[in-house]
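Its first residue numbered 106, the sequence shown is counted upward by one per residue in this note's numbering.
Derived from the structure by calculation, the hints contain no laboratory data. Where a beta carbon is used, it is the ideal one built from N, C-alpha and C, also for glycine. Some hints here could point you the wrong way.
Distance ranges between label pairs, derived from CB positions [said to hold, decoys possible]:
id : residue 1 : residue 2 : range
1  : Gly-222   : Gly-431   : 31 to 39 Å
2  : Leu-193   : Thr-140   : 22 to 30 Å
3  : Asp-402   : Gly-226   : 31 to 39 Å
4  : Gln-395   : Arg-160   : 32 to 40 Å
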Amino acid sequence: MKRFIPILLLMICMWFTSCSVEDRKTSLSFFAMDTFMSIDAYGENSEAAEQAKNRVLELEDKLSVTDENSEIFSINNGLSVNISPDTLNLICYALEMSEKTGGALDPTIYPILREWGFTTGNYHVPDSKTLSELLENVGADKVIVNGGSISLADGVMLDLGAVAKGYASEECAKILRENGVQSALINLGGNIRLVGSRPDGNPWNIGVADPIGEGYVGILSLIDCAAVTSGNYQRYFIENDVVYGHIIDPETGIPVNNDLLSVTVIADDGTLCDALSTALFVMGCEKAEQYWRDNRDFEAVLIRKDNTVCVTSGIYRSFELDESSGSVLKIIE
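Go ahead and model the full structure; you've got the sequences and the hints to work with.
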């Protein structure tokens, strides 16, 4: 699960319509995909937020790794299932991103996540023998796509948690736009998708959380894009005074422990942001910076353990560092 603590408009579980069409607002809060979500839509037809919510719930029914009625559960357990275009396309996308990131993103990591207890709540450090055996079943090359069917090697299981909420956020934005909504803030458990600007025409202000303290290290001013943050500082457990975070390195089967505290990815596509926020965190700062230089289809804010905030050159003018955080700003060229 990825979590992002943004500065948002007030999120309230209510339905509000003002006298002016221009000021009309619909706010929804709900629980899905194992996290709290909210949609704030503005203007005429803002009630389309309800359609967007229903779309998220529909995707959850297909993509849940634990729901016995989901398509992913059926695929993982060798059951016959008619795979929907949503599930098939997202599996293919995850496999493509796994290849592009050199395996830093891996949709077959689920058995190891489960063994650590991050999907069951039964947290513990697995022994090395168990991890070695599970790692034999990790790898995107063990997933075979044949037309509209998916087959897995023995012991391999899929988990689309690293891309599902990003995909859902894009679907929400699509529905809102199709209904004429030009201003909306979609927060799917920290996966932020912005439709247009704020109702007054100004950018949305999104806070990048301080991963080791209170508040924020800085504010991003954004319009009509997505922003997703990943890090091991919010979902973790402690055993024998050692902190173990939920983002696993697919190569070792062990929670990531490198020079990064968090990664925020900003791009036009929320699915890409979701995938890359995890992958870049696994890579570490140096490789993440190089990946950006090689691709340039996204921007990023990388917070290092040495209190340096690294911001890619395409977004740094839209980022304001909170000087009280004590962080040092570095621009990635």
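Now the hints, each set against the structure:
Checked against the hint of 31 to 39 Å, the C-beta distance between Gly-222 and Gly-431 comes to roughly 34 Å, which is consistent with it. As the Cβ distance of Leu-193 to Thr-140 is approximately 24 Å, the hint placing it in 22 to 30 Å holds. In this structure the hint that Asp-402 and Gly-226 lie 31 to 39 Å apart at CB holds, the actual value being about 37 Å. For the hinted restraint 32 to 40 Å between Gln-395 and Arg-160, the CB-CB distance of approximately 36 Å keeps it satisfied.
Checked against the numbered hints listed earlier, the structure breaks none of them; every hint is satisfied.
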